[in-house]
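Chains G and U are the protein sequences, given in the same order. For the first sequence, position 58 (counting from the first letter as 1) is numbered 57 according to numbering that gives the first Met the number 0, and the numbering increases by one without interruption. For the second sequence, position 294 (counting from the first letter as 1) is numbered 293 according to numbering that gives the first Met the number 0, and the numbering increases by one without interruption.
Simulated from the structure, these hints should not be mistaken for lab results. Built from N, CA and C at the ideal position, the CB exists for glycine as well.
Pulled from the structure, derived: some chain U residues nowhere near chain G, Cβ distances all over 10 Å:
(1) Asp42
(2) Arg253
(3) Ile416
(4) Glu518
(5) Asp634
(6) Ala691
(7) Ile711
(8) Ala730
(9) Ala765
In silico contact screen, one side only, chain G against chain U (beta carbon under 7 Å); selected entries:
(10) Ile80
(11) Val218
(12) Asn339
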Amino acid sequence: MEQNVQRLPAEQLFQREIEALVANEKYPVPTGWQMSPKSVLTYICGGRSGEVEISPKYIGHKRLVEIAISTLVTDRALLLIGEPGTAKSWLSEHLTAAINGDSTRVIQGTAGTTEEQIRYSWNYAMLIANGPSREAMIPSPIYRAMEQGKIARVEEISRCASEVQDALISILSEKRISVPELGVEIPARKGFSVIATANTRDKGVNEMSAALKRRFNIVVLPAPDSLEAEMDIVRTRMEQLSGSLDLNARLPEEEVVEKVCTIFRELRGGVTLDGKQKLKATSGVLSTAEAISLLANSMALAGSFGDGVITDYDLAAGLQGAIVKEDSKDGKAWEEYLENIMKKRGSRWLSLYQECKELNR
Amino acid sequence: MEGRAEKKQAEKTRAKAKKGMPHAFGIRHLSPAGAYYVREYLDRADPQLVLIEGPEDFSELIGDLGSEEIEPPVAVMAYTKELPVRTVLYPFAVYSPEYQAILWAKEHGCECRFCDLPSEVFLGLEEERRKKWQKKLEEKQEPCQEPESPVAYVYRRLDELSGDGDNETFWERTMEHAGDVEGYHKGAAEFGRSLRALASGDIPGTEKAAKSGAAREGEEAEGAGGMPDGGEEGRREDGGENAENRIREAYMRRVVARAVKEGTSPEKIVVITGAFHVEGLMGEGKPMTEKEWKKLPRLEAKKTLMPYSYFRLSERSGYGAGNRAPAYYELLWEGLCRQEPDYAARRYLAALAAYQREHGNLVSSAEIIEAMRLSLSLAGLHGGRLPTLRDLRDAAVTCMGHGSFSEVALAVADTEIGTRIGSLPEGVSQTSIQSDFYRRLGELRLERYKSVAAQDLSLDLREKLTVKSQKSAFLDLERSFFLHRLRVLGISFAAIQAVKQERATWAEQWQLRWTPEAEIQIVEAVLKGDTIEQAASFALRERTMGSSGIAGIAAVIEDACDCGMPTSMEYAVSALQGTAVDAVSVTEIAETAGRLSSVLRYGDIRHLDRAPLVPILSQLFLRACLLLAGECACDEGAAKQIAQAVATLHEVSVNHDFLDGERWRRVLFEIAARDDLNTRLSGLAAAILLEAGQMNSEELGCEVQRRLSKGIPAELGAGWFAGLSMKNHYALIARLNLWEKLSEYLVTLDDEEFKRALVFLRRAFADFTSEEKNQIAENLGEIWQVNPSQASEVLNGPVSGEELEMLSGLDDFDFGDI
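Could you put together the complete structure from these sequences and hints?
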C-alpha cells in the first residue's frame, strides 16, 4: 500500500505472520476470531508457525498476555493499565490485529472526547434535511464493532471525562446500543469486546469509577522486569533514534546505558538491584521512555557542545533534570541515593557521583 | 455389574505385578489425588502388608499416627542427641497419601510398616556428606559457588519443559486433576520414569539437555522420593545424593525381600513410594546385603511425633517437605471426597471474596463468577479441564484485585496457607526442642530452678577473672542469653525484673518459676524451630516482619542483642533499613538512632559484633539531617518533641566518629540562622553550637541582636531566648556580651512592647535556679554599673505589694492574636 506513511498498522506490518498462523490453525477458533487463542499467544510472544518464524511483539510477562487473551475469550472487556511507556497501546493494537485482522477500530480518548464519539453521531446536514435515518447516522468504532462482532479499542480511557466514561458502562453490561431517534436497538454480535488502555501516574487523568472498573478485567503491565531487558530496549531505541535525529554523537557506551538504567530502576523500584537495600523512590515516573530521552539529550549535549562522547558531566545534567522535577522531596531522595548508594559503589561510579553531587546542591 | 467390573479391574491390577514382585503405587508426597486414589488402589489390591516410604524405625509410631485422637498436620521427626541438632522430618497432612494408606491399613486390619533407611542412617549419610563438602571448601581455600544439585537441575528442567513454566502447576494440571485411579497410577509411573530420564540427561530433542547430560554422566538424581527435611547445604552437593538414592532403593528391596522370606507372598505386598523410586524398586537391582548394611554410617537419634502447622508446611516449599498452598490442597482433597471436581476452585474464589469483604473491600458475586470463567479460560489455553491454583490466583487478581496482586495478597495467603495446626494426644510427644531445653538447663547449671516455687537469680554479665575455664567465666552471660531467648519465645519460665542500680549494663535480675504451662509453651515452640535458639530466631524474624514502625524493629534489634543472636540482629537491621525508607518523622528516627546508639555503646558486654549497625545508623542520621530543618517549621507543641529529637541526635553525633559531624554542624547552623523556623528550635540549635564551641561570643552577639531587635514580635524573640537557654545555662551566663545585647534590646522597647517581652522572658528564665539568677544579676549589674549585690537583692527579694499589683495586671494582659 502507501509506502510513505510514517507508520503502518500492525496487521499490515506483520501480514505474513498473521496469514501463516491462520493457515496453520490446529485448535478451535472462537466465534468472530480469525485464529485460536493459542495462535494469538504465539503471534504476541513469538514462536513458529509452519515455515514462518513469528517475531515476538511483547517481550517478557507471557503470563499477562495469557490472561489478556483469556479475558477476551470470555467476552469480558479488557483494561490494560500501566505507567507511561509500558507498551499498553502496542499490546492492544497487536491483540486486535491478531484476533480480528484489523486494529483500526479505535477511539483516541482525550479530555475533549464526547459521548457521541463513544456511541454514534449524526451527519447534521442530512439530519436537518431528511430527519433521522440510518444514512444520516455516523456510527462510532464501538458501534461498528458491535455490529460486526469485532473488538474495538479505546485508548487513554482515563483522559476522557467521567460522563463520557460512563457511556461505556451500559454498553459493556448490556452489550447493546439503543438509538431512540430511530426506535431501534443494536445488539452486539458474538465476538464483540473492548480493549481499553489507561495511565496510572500521569497528570490530567480522571479517576475511573468503580462501576466501570468492575466491567473490565484489569491487567497491569509492569516496567521491564530485568536490567538486561530494559537495557536491550534502550539500546535498540537509541540506535533507531540517533539515525533519525542526526545527533552527531557516538552511541552511548554500554556502561553509560547500564548506569542510567540502574539508577532509574533503583529509584523506580525503591530498592537496590541486588535487593539488599531499600531506598526512597522519587515521585516522578522514570519510565524506560524517559531513560531513552535522557540519553538522547546527553548525546545532543555531547554532540553540540562536547567532543561527541557522553561524559559524566553531560549525564549528571540529564539525571538531575529527569529525577528532580518540581517536587523538593525528590531533591532529598536523590541526595540520599547519592550518599547512601552511589558513593559506596566504588571507583567506576565515583566521577558520576561527584558531578551529580555538585549539581544537586 | 459394577461389582464384576471392579473385580475384573482388581484382577488386572494383580496380574500386572510381575512374578515375585510386590505392587508399587507411585505417589508424590502431599498429593490429594494420590491420597484419594491410594485408597482405591489398596481396595483393589487387597494386600496383607503395606510398606510406606519413610524411615523404617518410625514404624513404631504408626500406631499413634493412625489413632483417632490425632489431628493432622503432624510430623514424625528424628533428631540427633548431640549438638548441633540435625533432624529428619516427615510431615503428614490429611491429604498425604502415606497418611491415608496408614488409615486404610488400620481400618482393614492390615499390617503397615515404613520401609526406607532408618533415620539414624539418614542422619549419618547427611553428616558424611556435610563433612565431605566442608573438606572440599577447606581445600579450595575460598568460598566457591556450590554446584547446582541434581534435584534442582531436574526441577529446573521440568519447569522449562512443562508448558506452564512451573512444575507445581504442571503436576497439578496433569496429576491432581487425573480423573481416576488408573490415570493417576500410570501418570505417576510415567512421571517417575521421565524424572529418572531427565536426571540422567537423555531427554531427546534439546541440545542443552544432551550437553548437561554428558556432563552428568553416571549420575542419577534424587527425584520424587526426596528426603523431606535435613540440612540444606548438605543436600546441595551432588554425587552424594545419587549414591544415597541407590542405597535407599537397595534397602527398600531388602525390606521387601525380608517380608517375603517371613512368609508374605509378594502379590500381597503394596509398596507406596515416591514416583521416582517405582522403577528403581521394580527393576533388576539386588537387595542390600548384610555386609553393605553394616557399613552404612549412623548417627544416634531420638524419634517423636510432633504437631505441625500448615504455615510451616507452606514455608518449606521444596519437594516433599511441604507445599506452597496447604489449605488449597485440602480443598482439593475435600473436592475429591465429595466427588465434585470443581469444588476446590469454587471454594477458593469464594473464600478469597469472603476474606476481602470481611476486611472492607467490595467484591461482588459477579466478580467471582467472572474470575471463575477467566480461570477456566486460562486452563483451556493450556489444555486443562480444571483451573489450577495459578489460574485461579491470576483470575482473582485480574477480576477482584484490579490487576494488582497486592490488593488480594492477604486474602491469598489466608486462603492458600490457612492457619490449621495439628494436635496430638498428651504425652505422645518428646520433641527436640524439649530435650534441647533440658540439655541447656543442665549445661547452664539452672536445673535447681526448675521448681514450682519462684526463685530469684541475679546475673553478672562481666567476665569472671577468678575462674579458670572460659566457659565458667562467661556462665552468667550464657545464662542471660538463654533466659532472654525464652522471654522472646513467650515461655513463662523466666521473667526479667527491673534492675535497681541505674545504668548498670552488666547486671540482670531474673525470677524463675516452673509451671506445666511452660512445658506446653515449649512444645508449641517446636513449630518455630528445632532448638530454643532456632525458635527464638524464628520468633524475632516474625516480629520483625510484623512491625510497621521503625521503633518496633529497633526493639527487635535490642532483643536480638540481648539474646546473643547476631544473625537475627542483621536480619532486623536490614528490615529496619527497608522500613526507614518510607516516610517517617524526625522524632521517630531520632528515637531509633538513640536506641541503636546505646546498643552500639553498651552492647560490648555481650560480645556481639555490632558492625552491621554502623551503616544503618549513618543512614538514619543522614536522613535526619536532611529532614530536620524542614520539620523545624512547626508549632510550640511539636517543637517540644523535636527539641528532644535534636538533643538525642546531637548526643548520637558526638558519640560516634563515623557519623558525618560536619553535616550535622551545617544543619545546626542552618536552623540557627533561618528566620522562618520555630524560634525556640533556632535558639536551641544556637545553644548547641555554642556549647560545642562552634559559635564564638561575637557571632552569638550578632545573633542575639538580630533575633531581639525592635520590630520583631516579642514572643518570637523571647521564644528564641528560651530555646537558647534550654541547654547549658552557665555557657550563657559566662558570656557577658550576650547580656549586653539583651539589655540593649530591652532599652529599645516601648512600654507596651516591654510588657509583652516581660511575660515571655519571665517564662524563659523560669528554669534558672536562684544561684544562676544571682549570676545574671551580677552580669546585668556590671553592664548597668550597679552594685551587683544590690541588684541581686532586688531580683531575689520578695515582691512588694505595689509590684504584685503590677504583675497581676499582667495576668490580664491582652495577648492579642498570640
